[in-house]
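> Sequence:
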Amino acid sequence: MRAVFERTASEIAQVVGGRLLAGSPRARAVGVSTDSRTIQPGRLFIPLKGERLDGHRFIEEAVEEGAAGALVEEEGPGRPELVRALLARRELWSQAFLVGVPGSSWEAFHRLAADHRSRFPIPVVAVTGSNGKTTTKELVAQLLGARWRTLRSPGNFNNEVGLPLTLLDLGPEFEVLVVEMGMRGRGEIARLCQLARPTAGIVTNVGVSHLELLGSQEAIAAAKAELVEALPSDGLAVLNGDDPWVRAMAGQTRARVVTYGLEQGEVTARDLELGADGARFQLVWEGRQAPVQLPLLGRHNVLNALAAAACALGLGMELAAVADALGRVQAPKLRLERVAVRDFTVLNDAYNASPASMAAALEVLAQVAPGRKGAVLGDMLELGPVTEAEHLAVGRRAAQVGLAYLVIVGEQAERIAQGAREGGLPPEAIHVTPGWERAAQVLERLAQEGDTVLVKASRGLGLERVVQWLQEEGAGHHES
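Counting from 1292, one number per residue, gives the positions in the sequence shown under the working numbering.
What you were told as hints is all true, and nothing was included just to trick you.
EDC-like, lysine to aspartate or glutamate: derived pairs with alpha carbons at most 20 Å apart:
hint	residue 1	residue 2
1	K1340	E1352
2	K1340	E1479
3	K1624	D1568
4	K1340	E1365
5	K1624	E1763
6	K1340	E1372
7	K1340	E1398
8	K1624	E1755
9	K1340	E1451
10	K1340	E1351
11	K1340	D1326
12	K1340	E1366
Ranges between beta-carbon positions, derived for each pair:
hint	residue 1	residue 2	range
13	E1609	P1725	53 to 59 Å
14	N1447	P1586	20 to 26 Å
15	Q1691	G1369	54 to 60 Å
16	G1476	G1618	35 to 41 Å
17	P1718	G1542	48 to 54 Å
The set of hints was computed from the structure by calculation and includes no laboratory data.
A virtual CB, placed ideally from N, CA and C, is assigned to each residue, including glycine.
Taking the hints into account, I'd like the entire structure generated from these sequences.
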């Protein structure tokens, strides 16, 4: 596996403000790992203390597995005793080194990542928002990758662990870095910006996801705005002009602002046609336009594409090149992914769910499904005081789609069912199930040839297992 970070023990100690406790100051580590289970020979092991596990318990194991060295906190409950016990095992340090850090290993980890980032004077694009972050990040990376050698954060590596690990993957071969920034509270995006030092930022929208954590949409908007506040004066802020919360952020940044949107935006889509194979439109920018055939489903993905296009255009790509690249993009897994199961089609959108993304997915189902329509829906998490109302609303929206059947999972299943009944869906079409496996079995029984079925819920419910079961167990059972 590729690893670009390479430092001596003494260099590591200097960056983290620590001291070498054992091993040679000239010993080298190539690459970083925070997980002893996947440590590779030659890497630096950084033990992080989480809510459930403390990585310090695995320092010896990591070194025995071939780690070139490890960090260790010298202060805090039980830490001096741990350091003494580690140093007593002299045989460990004949081929490895140990660097003691003041304060937390989290801070040391972040210092190493920030130091590594500072060695590469390249554009860094950061994406945040309540919905569409990962898809937009992937689209940005694919568009920019058509012109520049681009590194992107894998999956949703968007927090205080994933982002530093991405930064530590930077190497001289890359010309652009694209990252995602998630948020679970005020100050988190600001801290991530201190590490990544983004030169361009995209804010997709401000929804009600995380309302449980932040209390109000105003607070969510303020937390997302930390990205544009961190941009330099010669940077680029790409803002969703259709979202009033995001549009207002233009006054909170020193950077040049480019807006996008279907209603309000400098970068927009004209003559939009949505279909079963994606979207067709004219990409409009500065009075010019170019035709696009976007192979992604739904109006919301047109907005994601416009965000990526606005970023690419703002960074200097030509309109024709951007339009051409949009015709070749691929969506990330579990985002309205078409999956053929036996003789029907699943729209696997199980990655996550919020009120806005649930409405968008149901809209796609209504638009693109040629035959009967079905859905397997589950809870939307972290909605706080609006939880009940939003799940009722999802049920009502589902009823408007004209579903042949609705299978529901989760603690809010009865609320979705109530909304569906209120919306006019016949009670016999509504199936509340105790878990994903039963939901898969019910779906297998209900689905007929030519059906299109949406599968969607928040990440915590793991509804992609419904699709996996249908592909493996269900398909085999059906044929036997």
